[in-house]
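Q: Line order of the protein sequences matches chains V and X.
Heads up, the first sequence is in the working numbering, so the first residue is 29 and it goes up one at a time.
Heads up, the second sequence is in the working numbering, so the first residue is 609 and it goes up one at a time.
In short, the hints are calculated from the structure, not lab data.
Hints should not be assumed to be uniformly reliable.
[Unchecked claim] In silico lysine-lysine, BS3-like type, Cα no more than 27 Å apart, as pairs:
| id | chain 1 | residue 1 | chain 2 | residue 2 |
| --- | --- | --- | --- | --- |
| 1 | X | K751 | V | K191 |
| 2 | X | K678 | V | K199 |
| 3 | X | K751 | V | K192 |
| 4 | V | K270 | V | K145 |
| 5 | X | K875 | X | K904 |
| 6 | X | K751 | X | K678 |
| 7 | V | K145 | X | K812 |
| 8 | V | K145 | X | K829 |
| 9 | X | K875 | X | K679 |
| 10 | V | K98 | X | K748 |
| 11 | V | K143 | X | K748 |
[Stated by the list, open to error] If you want a taste of the chain V side facing chain X, the calculated C-beta under 8 Å gives, among others:
| id | residue |
| --- | --- |
| 12 | E83 |
| 13 | A84 |
| 14 | I93 |
| 15 | G95 |
| 16 | K98 |
| 17 | G102 |
| 18 | P105 |
| 19 | F106 |
| 20 | F110 |
| 21 | T112 |
| 22 | G115 |
| 23 | R117 |
| 24 | I138 |
| 25 | W141 |
| 26 | G156 |
| 27 | S183 |
Keep in mind that this is a model prediction, so the values were computed, not measured.
Built from N, CA and C at the ideal position, the CB exists for glycine as well.
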Amino acid sequence: MSDSVALADVIAVACAEAWRGDGEIFASGMGVMQMLGARVARATFEPDLMISDGEAFYVSGDLPIGGTQKLVEGWIPFRSVFDTLAGGRRHVMMGASQIDRYGNSNIANIGPWAKPKSQLLGVRGGPGNTVNNATSFFIPKHQTSVFVASVDMVSGVGYDRAKKVGGFIAKRHDLRRVVTNLAVLDFNSPDNSMQLVSLHPGVSIDDVVSNTGFELVIPSTVPISRPPTAAESAAIETIDPKGLRHREIPA
Amino acid sequence: MSEPRNKIITEDQAVATLRSGMTLGIGGWGSRRKPMSLVRSLLRSDITDLTVVSYGGPDVGLLCAAGKVKKLIYAFVSLDSIPLEPHFRLARQNATIPEPTEWDEGMLQWALFAGSLRLPFLPTRAGLGSGVMDVNPSLKTVKSPYADGEELLAVPAIRLDAAFVHMNRSDARGNAQYLGPDVYFDDLFLSACEPGRRFVSAEKIIPTEDLLKEGTFHTLKINRSMVDGVIHAPNGAHFTTCEPDYGRDEAFQKAYVDAARDPEAWKAFSDRFLAGDEANYQSQVVAWREEIKAAKEAAK
Chain V
29 MSDSVALADV IAVACAEAWR GDGEIFASGM GVMQMLGARV ARATFEPDLM
79 ISDGEAFYVS GDLPIGGTQK LVEGWIPFRS VFDTLAGGRR HVMMGASQID
129 RYGNSNIANI GPWAKPKSQL LGVRGGPGNT VNNATSFFIP KHQTSVFVAS
179 VDMVSGVGYD RAKKVGGFIA KRHDLRRVVT NLAVLDFNSP DNSMQLVSLH
229 PGVSIDDVVS NTGFELVIPS TVPISRPPTA AESAAIETID PKGLRHREIP
279 A
Chain X
609 MSEPRNKIIT EDQAVATLRS GMTLGIGGWG SRRKPMSLVR SLLRSDITDL
659 TVVSYGGPDV GLLCAAGKVK KLIYAFVSLD SIPLEPHFRL ARQNATIPEP
709 TEWDEGMLQW ALFAGSLRLP FLPTRAGLGS GVMDVNPSLK TVKSPYADGE
759 ELLAVPAIRL DAAFVHMNRS DARGNAQYLG PDVYFDDLFL SACEPGRRFV
809 SAEKIIPTED LLKEGTFHTL KINRSMVDGV IHAPNGAHFT TCEPDYGRDE
859 AFQKAYVDAA RDPEAWKAFS DRFLAGDEAN YQSQVVAWRE EIKAAKEAAK
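In isolation and in its complexed conformation, chain X is listed as follows (with noise of 0.2 Å):
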């Protein structure tokens, strides 16, 4: 008798499957339910020259200032409460990313959803008489072969060579379920990426009966064909939101904003929160927590 694959592992065995200049897709949007742990676990990696697919936030922006990006597929990278992320802006003004993409929001998902249907291109409306022709060059468009006759834009599909997503639970193989108030587009991300690196970091991980438990059947946008491995990671996606297990951390957030403004104090806070593995990170968050709070009772 067969077993079934067994898909548990965690962030650093998900991220030793990945070589320096794959393609990967980071899910989430902006400082939402960004899967960090294992972005954390890729920072603290020799893996470099990526090309990274992101509605982005801080996992574009810690990305950027490591040094691992070559060419960086964006609409946006923004902390939600914070609009601009420190470090891609940085990295923006010194023109440090190689090869920096700018698409559309819409233009991400068709691309992604192109990618996921193995079609090459999918048309939309979205870019074209934009400024994303004038930096995109290569972008091409495409002549509706009907009587209307219209020029699109030729969204070109992306295949990724690896996904992370974070959702709020997943039982041991791969069904995974996301409780907030959106799924963002990360069942695309896995959708659109080749079978073998897709990985889902969870809060929790579930038996299967479990599964609707806390979520409609509406919330299980992700079966386990769209996953390769499971991460269990509590507070995974600190310090982004994970609702409705935990909202952003807006201190520790404009923490991170700060230190980034300064070369020495960034130095500070990534040998402080980074070097060291996610239970490091985890153990100087709760830490931080109590100096922020021992700081403010003093104060008083």
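So here's chain V without its partners, still in its complex pose (with noise of 0.2 Å):
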């Protein structure tokens, strides 16, 4: 791989591949690097995906981050979001403040939820996502105090509680793939454990092992994290003109 490719870009098309083979759902991403990867994925090898604005609409075309000028498709209000989700026609990329081995995720608060050492947002709509439709993450700075043994709240059920449910949610429910500043990883082992499954370039096994706060399936072979090709790389410069990217990447 070319010197020449910066990691944000290998990073946003990790992201975008999380979303193919989903067809004509809706791509949500919460956050820069996550809306850049659901519409890079658009406008490339995923092109019946449905991106919203971040506001109340779907737009077609290749809308920049932050654009204002709209192709508005339809109309998609959060009455429509929470009925798309429980509809399961939805894949969401989210954060994550903390994540444990099985995917339980945390965005509502660090320390006892009865008196948190931080408060951040609440668990929003974690709970209902997570049971309901397909659900990814980015995290941006990969190390142990986000890659934990036991997330402080659980906002995103892992697999292990939804197992624990049972019935319909044990079987529909459907982490993707967790995209950081290190790697590539997914819940695809046996027992729906975290996994590595790639490196982005320049970064080791030990690099990630040693950023973890759990223990990581790690395969026999574990490939890099591919660049993008010259149509994503075009697509790239096209919806993140500005280079946002580059921002939610940790030097």
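Combine both chains into one complex, guided by the hints.
A: Structure (structure tokens):
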């Protein structure tokens, strides 16, 4: 791979890959890199995805992040978002302040819930998202304070908890992938605990392991995360002309 | 011959009907189209021990900072462009909200919908398996009586004693209109509220015959049978968004957040903007903008 490919572009493509094969569903990204990934996927290999402006409209075309020249193709106010996710016709990529080996995630608070050391957003729609529609994560800083043995508040449901609930939720529960500044991970191991999928260029397995606070499943061969194709690079430039993606990745 | 109800009142008249200990629903979403002039009036009252239901923004932050919240039913509290609400954070970190009740976003909708339909609960999957079940031990599940037998979360209905929402337009009788991209759940807040204290503030009060001049009939989600009091509140959602009349006042929101970091700065902010009436608030905002502009000019 050429040295000239920026890490942020490799990560944007790794995020885009989360939606491969999803077809005509709502690809929802909570954050700059997540939105970029969804829009690059639609602009290239997954053209039927539905993309929103993050406010209340489905938009057609390659809307740049923060762009205001919208080609509206539909209306998606919050009530319709709730309907769509309960119907399972959505794949959301969220952030997480903490995540554990089974994908239990936390955006709510750090420290005990009753009196948090740090109050964050609250659970938001995380509980409903993770038991209803496919969910992926982008985490800009892969470190042991984020990849933890146990999250302080389960705002997003992981595989162990989904199995305990059983029935429909256990059967349909679908955490797809976790993209970080170091690697791509998923939950396709035999017991659905987090496993390494690929390493970003220049990152070693040890780098990932030493920044993860639980035991990762490491396959015998781990490829390097692929660079963008020419079409993907062009889409990245069109959708993020200001280079906001580079600010998402810690130096 | 009988006359129709006269619903035009002021924020303070609306707030005067509330009592301590009531359950209040507040419309809008995060820092979007919040009924801020009604919230500011509530801040000036001696009403306390409220149960507040909200897709929370600065409404929740301000009520927490003023110590008026006994129980808070929320899924998040956020200022959108500034993700974390400073007063809410402090209140949670100091454990000064006696009964924080944290639910999934969809659960709030379901609770209000159940309340509006006079049902005891509505079933959902949202919440199951999550920390919501851990921190709300009173939540119960219900088994589907059909062949699937699925165990679902029974979201308990919320009936409100009072509801505040802010709209772009309303006629004097409470036929109200949103002209922005999303009604959020404002119609549900009004429908889940006992008749008597359902209040709509609006940017403009217009004649009924003008209701379809600026928007299609789709924008008329709120009719007068859902409303008891109508308040003329120009710039009433400030500093939150009220599209298309105005966007969020990002500079003012930032000043609000900066002031919240320090008790003395917050005292100065609230003395200036919140101690007086709504007219004072609005004139101080205008003066504040002039000061910022002058300071920028001077720095050039």
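Q: Could you grab the alpha-carbon distance between K145(V) and K812(X) and see if it respects the 27 Å cut-off?
A: Violated, at about 44 Å.
Q: Min Cβ distance, I138(V) to chain X: is it shorter than 8 Å?
A: Violated: closest Cβ of chain X sits about 10 Å from I138(V), beyond 8 Å.
Q: Using 8 Å as the Cβ threshold, decide whether F110(V) counts as touching chain X.
A: 5 Å, holds
Q: Does R117(V) meet its interface restraint, that is, does its C-beta lie within less than 8 Å of any C-beta in chain X?
A: 15 Å, violated
Q: Can the restraint linking K751(X) and K191(V) be considered satisfied, given a maximum Cα separation of 27 Å?
A: Distance of about 18 Å is within 27 Å: holds.
Q: Checking one constraint from the list: CA of K751(X) to CA of K678(X), max 27 Å. Satisfied?
A: With a Cα-Cα distance of about 32 Å, the restraint between K751(X) and K678(X) is violated, given a limit of 27 Å.
Q: Is the hint on T112(V) kept, meaning its closest Cβ partner in chain X is under 8 Å away?
A: Result: violated, 11 Å to nearest chain X Cβ.
Q: Holds or violated: G115(V) as interface residue toward chain X, Cβ cutoff 8 Å?
A: 12 Å, violated
Q: Take the shortest C-beta to C-beta distance between G95(V) and chain X; is it under 8 Å?
A: Check failed: Cβ of G95(V) comes no nearer than 16 Å to chain X, outside 8 Å.
Q: Checking hints one by one. Is G102(V) an interface residue toward chain X, by the C-beta closer than 8 Å rule?
A: Where the cut-off is 8 Å and the nearest Cβ of chain X is about 12 Å from G102(V), the hint is violated.
Q: Could you grab the alpha-carbon distance between K143(V) and K748(X) and see if it respects the 27 Å cut-off?
A: Holds. K143(V) to K748(X) sits at ~24 Å (cutoff 27 Å).
Q: Holds or violated: K270(V) with K145(V), Cα cutoff 27 Å?
A: 35 Å, violated
Taken one by one, the earlier hints fail for this structure at numbers 2, 4, 6, 7, 8, 10, 14, 15, 16, 17, 21, 22, 23, 24, listed in ascending order.
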